[in-house]
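A.B. asks: Residue numbers (the working numbering), protein chains in the order written: chain A, 1 to 489; chain B, 1 to 305; chain C, 1 to 294.
No lab work stands behind these hints, which were simulated from the structure alone. Here the structure is a predicted model, which is why all the values come from computation and not from measurement. C-beta: ideal position from N, C-alpha, C; glycine also. Fair warning: there could be bad hints in the mix.
Claimed, not checked - Pairwise CB distance ranges, derived in the manner of DEER restraints:
| hint | chain 1 | residue 1 | chain 2 | residue 2 | range |
| --- | --- | --- | --- | --- | --- |
| 1 | A | G360 | B | A186 | 36 to 46 Å |
| 2 | C | G84 | B | N225 | 36 to 46 Å |
| 3 | C | G84 | B | I275 | 53 to 63 Å |
| 4 | B | N197 | A | I417 | 22 to 32 Å |
| 5 | B | L63 | A | L423 | 34 to 44 Å |
| 6 | A | L346 | C | L133 | 45 to 55 Å |
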Amino acid sequence: MSQLATDEPAPVAPAGPQVGADEWVARQAQRREYLPSWLGGTERLVEKVGWWPRLGLAAAAGLVLPLLHVGQFQLQVGIDSLVLALLALGLNVTVGWAGLLDLGYVAFFGFGAYGFALVSSDQLSAQGVHWPAYFSIPVVVVATGLLGLLVGLPSRRLSGDYLAIITLFFGEAFYEITNTVASSKLGGEDGIVGIDPIRGFGVQLLSTEQYYYLMVIFVVGAMIVLRLLEFSRTGRSWRAIRDDPLAASAMTISVDKVKLMAFAFGAMVAGLAGTEFAAQQVSIAPTDFTTQYLIMIYACLILGGAGSIGGAVAGALVLNVVLDGILRNPTYTGYLFYGLIVIALLVKLRPWRRLALVAGSTIVFGYALHAIAAAISHSWVSGSLQSGGWIASALRGWVIVPASATGPGDWGFVLLICMLIALAQVHGRTRTLLLVPTIYLAAFTWETLLGTPTNASITRYIIIAVVLIVMMIARPQGLLGTRRVEVPT
Amino acid sequence: MSFFLQELVNGVTTGALYALIALGFSMVYGVLKLLNFAHGDLYMVGGYIGFFIIRWFGGAAKLFIPVPLLVTIMFVAAAVVVGGLGVAMERFAYRPLRNAPRIAPLITAIGISFFLENAALLLFGAQYRVYNTPDFISYSSGIQIGSVSIDSVQIMVLVMGLFIMIGLQQLINRTKLGKQMRAVAADREAAEMFGINVNFTIAAVFFLGSALAGVAGVMAGLLFNTVYNTIGFLAGLKAFTAAVVGGIGSIPGAMLGGLMIGIAESFITGYISSIYVDLIVFGILIVVMLVRPTGLLGRAQLQKV
Amino acid sequence: MTAPSQPASPPQEGQQPLLALDKLSLGFGGLRALADLDLQVRDREIVSMIGPNGAGKSTVFNVITGIYRPTAGDVRFAGGSIVGRPPHIIARHGIARTFQSLRLFMNMSVLENVLAATYGSTRASPVESVLRLPRHRREERQNRVLAHDILAFFGQRLAGYRWDQPAYSLSYANRRRLEIARALATKPKLLLLDEPAAGMNPTETHEITELIGRLRDELDLTILVIEHDMHVVAGCSDRVLALDHGVKIAEGGFDTVASHPAVVEAYLGRDPEALAAEPGGPGGSPTQGGTKDR
Ligand SMILES: Nc1ncnc2c1ncn2[C@@H]1O[C@H](COP(=O)(O)OP(=O)(O)O)[C@@H](O)[C@H]1O
Ligand SMILES: [Mg+2]
Numbered sequence: 001m002s003q004l005a006t007d008e009p010a011p012v013a014p015a016g017p018q019v020g021a022d023e024w025v026a027r028q029a030q031r032r033e034y035l036p037s038w039l040g041g042t043e044r045l046v047e048k049v050g051w052w053p054r055l056g057l058a059a060a061a062g063l064v065l066p067l068l069h070v071g072q073f074q075l076q077v078g079i080d081s082l083v084l085a086l087l088a089l090g091l092n093v094t095v096g097w098a099g100l101l102d103l104g105y106v107a108f109f110g111f112g113a114y115g116f117a118l119v120s121s122d123q124l125s126a127q128g129v130h131w132p133a134y135f136s137i138p139v140v141v142v143a144t145g146l147l148g149l150l151v152g153l154p155s156r157r158l159s160g161d162y163l164a165i166i167t168l169f170f171g172e173a174f175y176e177i178t179n180t181v182a183s184s185k186l187g188g189e190d191g192i193v194g195i196d197p198i199r200g201f202g203v204q205l206l207s208t209e210q211y212y213y214l215m216v217i218f219v220v221g222a223m224i225v226l227r228l229l230e231f232s233r234t235g236r237s238w239r240a241i242r243d244d245p246l247a248a249s250a251m252t253i254s255v256d257k258v259k260l261m262a263f264a265f266g267a268m269v270a271g272l273a274g275t276e277f278a279a280q281q282v283s284i285a286p287t288d289f290t291t292q293y294l295i296m297i298y299a300c301l302i303l304g305g306a307g308s309i310g311g312a313v314a315g316a317l318v319l320n321v322v323l324d325g326i327l328r329n330p331t332y333t334g335y336l337f338y339g340l341i342v343i344a345l346l347v348k349l350r351p352w353r354r355l356a357l358v359a360g361s362t363i364v365f366g367y368a369l370h371a372i373a374a375a376i377s378h379s380w381v382s383g384s385l386q387s388g389g390w391i392a393s394a395l396r397g398w399v400i401v402p403a404s405a406t407g408p409g410d411w412g413f414v415l416l417i418c419m420l421i422a423l424a425q426v427h428g429r430t431r432t433l434l435l436v437p438t439i440y441l442a443a444f445t446w447e448t449l450l451g452t453p454t455n456a457s458i459t460r461y462i463i464i465a466v467v468l469i470v471m472m473i474a475r476p477q478g479l480l481g482t483r484r485v486e487v488p489t
Numbered sequence: 001m002s003f004f005l006q007e008l009v010n011g012v013t014t015g016a017l018y019a020l021i022a023l024g025f026s027m028v029y030g031v032l033k034l035l036n037f038a039h040g041d042l043y044m045v046g047g048y049i050g051f052f053i054i055r056w057f058g059g060a061a062k063l064f065i066p067v068p069l070l071v072t073i074m075f076v077a078a079a080v081v082v083g084g085l086g087v088a089m090e091r092f093a094y095r096p097l098r099n100a101p102r103i104a105p106l107i108t109a110i111g112i113s114f115f116l117e118n119a120a121l122l123l124f125g126a127q128y129r130v131y132n133t134p135d136f137i138s139y140s141s142g143i144q145i146g147s148v149s150i151d152s153v154q155i156m157v158l159v160m161g162l163f164i165m166i167g168l169q170q171l172i173n174r175t176k177l178g179k180q181m182r183a184v185a186a187d188r189e190a191a192e193m194f195g196i197n198v199n200f201t202i203a204a205v206f207f208l209g210s211a212l213a214g215v216a217g218v219m220a221g222l223l224f225n226t227v228y229n230t231i232g233f234l235a236g237l238k239a240f241t242a243a244v245v246g247g248i249g250s251i252p253g254a255m256l257g258g259l260m261i262g263i264a265e266s267f268i269t270g271y272i273s274s275i276y277v278d279l280i281v282f283g284i285l286i287v288v289m290l291v292r293p294t295g296l297l298g299r300a301q302l303q304k305v
Numbered sequence: 001m002t003a004p005s006q007p008a009s010p011p012q013e014g015q016q017p018l019l020a021l022d023k024l025s026l027g028f029g030g031l032r033a034l035a036d037l038d039l040q041v042r043d044r045e046i047v048s049m050i051g052p053n054g055a056g057k058s059t060v061f062n063v064i065t066g067i068y069r070p071t072a073g074d075v076r077f078a079g080g081s082i083v084g085r086p087p088h089i090i091a092r093h094g095i096a097r098t099f100q101s102l103r104l105f106m107n108m109s110v111l112e113n114v115l116a117a118t119y120g121s122t123r124a125s126p127v128e129s130v131l132r133l134p135r136h137r138r139e140e141r142q143n144r145v146l147a148h149d150i151l152a153f154f155g156q157r158l159a160g161y162r163w164d165q166p167a168y169s170l171s172y173a174n175r176r177r178l179e180i181a182r183a184l185a186t187k188p189k190l191l192l193l194d195e196p197a198a199g200m201n202p203t204e205t206h207e208i209t210e211l212i213g214r215l216r217d218e219l220d221l222t223i224l225v226i227e228h229d230m231h232v233v234a235g236c237s238d239r240v241l242a243l244d245h246g247v248k249i250a251e252g253g254f255d256t257v258a259s260h261p262a263v264v265e266a267y268l269g270r271d272p273e274a275l276a277a278e279p280g281g282p283g284g285s286p287t288q289g290g291t292k293d294r
């Protein structure tokens, strides 16, 4: 049967199991596209294992990790990643399932953290409030849910875009309230210090390792709860209003109430993450809850796949481990940067002849350029490389690094963006040709600007931004999500 | 009374800035139904362009070209470069998403905004860049009416803002390009069937809207003297509010909304406290959205089923 | 069984109609979409609405289901006025509909589309669902039985393996069927079908005609159907209503309405070619090709 076969049966008497048989759809499983080569193999393997066993394996892996004698730093990265994962899980309810663009989400996280910090520290002792964690966490989580209801109220009347603005403003308002407006109670710029650790029932969590375990438990718990919810009456109604709110209301779904529930649920998860964050950090400040962090949460969800529980968690773990665990170290960062370029070339450039041509020309191009620059002035090539290790020795004599690299680096960056844009415009031979200077320029920009220690944090943000933009175009379903269609109405 | 009038003048000037940003925002929303969150950051880029042009021509204190020429160059360069940036943004980030789920371009817009803010940080540094406007345009050489003074930069902003808005209105209502823009805004598919080059029209809208933001950035630099990489965020947010209060997609609405927000801000700062400005503007937005979701000059549209 | 070609009797005195439209009017800023429309539909009646495109047929559905609010007039369902109620409440009262421009939950599976529509008839809260408490389990079980029964109406068309396919992977005809299935899952008393046979081939159109009859007979539904295909109209309706410019121009049995001068005029005056393409069109024989309900 050809791919073009449709389901329209021949107009003969309808009889037998063949009627209405839709070959194209029936064979959908066989026609599914997988990622290339070994990645596809892994994908198939993962699909064979059901959702619950997969969760079990992942949870076990998470719990075993500290036994491998990892250091405090690695554990802290793990905790931060798990906090992000929890946040991405909550955001997935509002954005991924219900399709409500909540740009004030980070304020719920902040509210949870500030709420816990207020009632479980000496901040309000004068008023006689200093609650134990086992009491304050539920209270704060429920309060965050109520705040979510309040913020979601405008969503009853407003569709997508308007809601985005309102919530964005709400996030900004939260920042200003904590930072300036209510600075006497909330500590202003300095925030709140001396927050209680999690304790109660005779135990007290103090070590990084203990918090790591606690976060694993919370994340796995949230995944279980959300999974049970996803295919229930509530979860279905969330996904229904995302696809078509008007049809949903004609099908007995009270759209307003369902939207509010999505808001409140997302907020509660964020509030929970906030309490853990505050307890573990001991001190919090308004700058922990900025738009930058919001965008980080979004990047995690988009990378992993909006609408997918596993995706939200995987996206957060991957992104944060890469950004925080690896990119802190300039040498590793260099490996990652050049590694990605090489992998991209290996995957995208076919046939091998073309790949060899590009690689060869790039090498020759670099040495030639370096020789010319060195001949003109020694100061043009006398700067030091940012990369260390064997990459540095491989690149020395190839990539130009001027003695004063700042200005050229800036222009290189602008030019690189222009080149990338141009690269997207042209095809065929021109593209192959253009690829050579682009690769060289990328290396140049890295060594002079992006890879420098002073710029490391900015580079990370740029990477987050690029992840968002590129994912939306190239793979909007993210790593683990399923592709969605939307019928324009 | 004179304090009131002075605050009014200041408010109208800031309002003109917001209106310029809101115009571009509203135009883009009109054709693509997209909230371009990166629009405020285009304004920031415009501000930086103005700063570097002053520097290239000798710096505020030691200019080697006449001031009118400098100001002209600043505005033209900001308009062209930022306009081009807007077109590139549309071409490479938004166009691939024309038929994607509604939420996709919004997320892209957040990404672009974040990208621009951090690229500016990388290239221009974290320090405040200062225009030093008084070194080449005297603030005192304005008009004095009683105790109310309107300085020369304010006059320039008001006059230019007025001309730009009138010009834009004429462009949209009188020219062929304007007609095409309105057609695309009303129904993209139908416009395409009537032979309108939709891609070109959308690009033109992005160019115009972004150029306005760039011009506003230069004006802001001249007025407030400083630029840094995150000025776009709040200004963008205020301009969104202006566009929404006026009625999104409506050009006169954007102007009206901009002026209202500017004046409100000025009075809140003057009579209450600058701490509450953003919160109160936020309050205005919520009230307008709940009471009149279509904005003051917007028309209600019933979803066709 | 009322034979569709029999002239329909007007609602009898004393017997309360299930649905009553009373001087219903609606304007869209200058454009008059409905004007003083009266209609009464009795229990277990199948009424068809015909009329050229833009006549206001879909608008009637939108007003009944609460999506548009009428500028004047009243809609009474089972005795009470439902004007001003939000759509989901009206749906819970027992009015279900399909949409002319398909509005499925495209990214949900066939089964989930049907299950989603049981929202109004179920009660389990999120907490009950997460803890898998008895109410959640009971409702899920009942919903599955319901979904099974409903999808069974469509025979092999929406059978078995298709349940877990996303709705967007269905063919156009199957999407129309799924819309009907989803509407049925709200357990309606009155079903509004907006062009259910649009885009279907003759065999499928025939199936739809039979299906409409079966829905009334087996589920005791009252059905209001908008349809351009005169085979369907002739094949299933007890009564036909013709609209033009938002005004009722004829009402009665199929033959009466189809040959009514105003109806012929409305179609001919507008688009004679479209009329010629419809075999059972006004003035033509309703029997050829079309199937009568038994
Ligand atoms: N939301 C709306 N806004 C403006 N006009 C509308 C709207 N909905 C329907 N109309 C107009 O009302 C008239 C009737 O439309 P409709 O009921 O869809 O016709 P049909 O009989 O083909 O189903 C048409 O002229 C249509 O353009
Ligand atoms: Mg219709």
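A.B. asks: If you check the beta carbons of N197/B and I417/A, does the distance land in 22 to 32 Å?
C.D. replies: Hint holds: Cβ distance 27 Å, inside 22 to 32 Å.
A.B. asks: Take a look at whether the Cβ-Cβ distance between L346/A and L133/C falls inside 45 to 55 Å.
C.D. replies: About 53 Å separates the Cβ atoms of L346/A and L133/C, which means 45 to 55 Å holds.
A.B. asks: Does the Cβ-Cβ separation between G84/C and N225/B fall within 36 to 46 Å?
C.D. replies: Distance hint for G84/C, N225/B is violated at roughly 56 Å.
A.B. asks: Range first: 34 to 44 Å. Now tell me if the beta carbons of L63/B and L423/A are that far apart.
C.D. replies: Once the Cβ atoms are compared, 39 Å apart, the range 34 to 44 Å for L423/A and L63/B holds.
A.B. asks: Against the range 36 to 46 Å, how does the distance between the Cβ atoms of G360/A and A186/B compare: consistent or not?
C.D. replies: For G360/A and A186/B the Cβ distance comes to about 54 Å; the hint is violated.
A.B. asks: Please test the hint of 53 to 63 Å on the beta carbon pair from G84/C and I275/B.
C.D. replies: violated (44 Å)
This entry does not satisfy hints 1, 2 and 3, going by the numbered hints stated previously.
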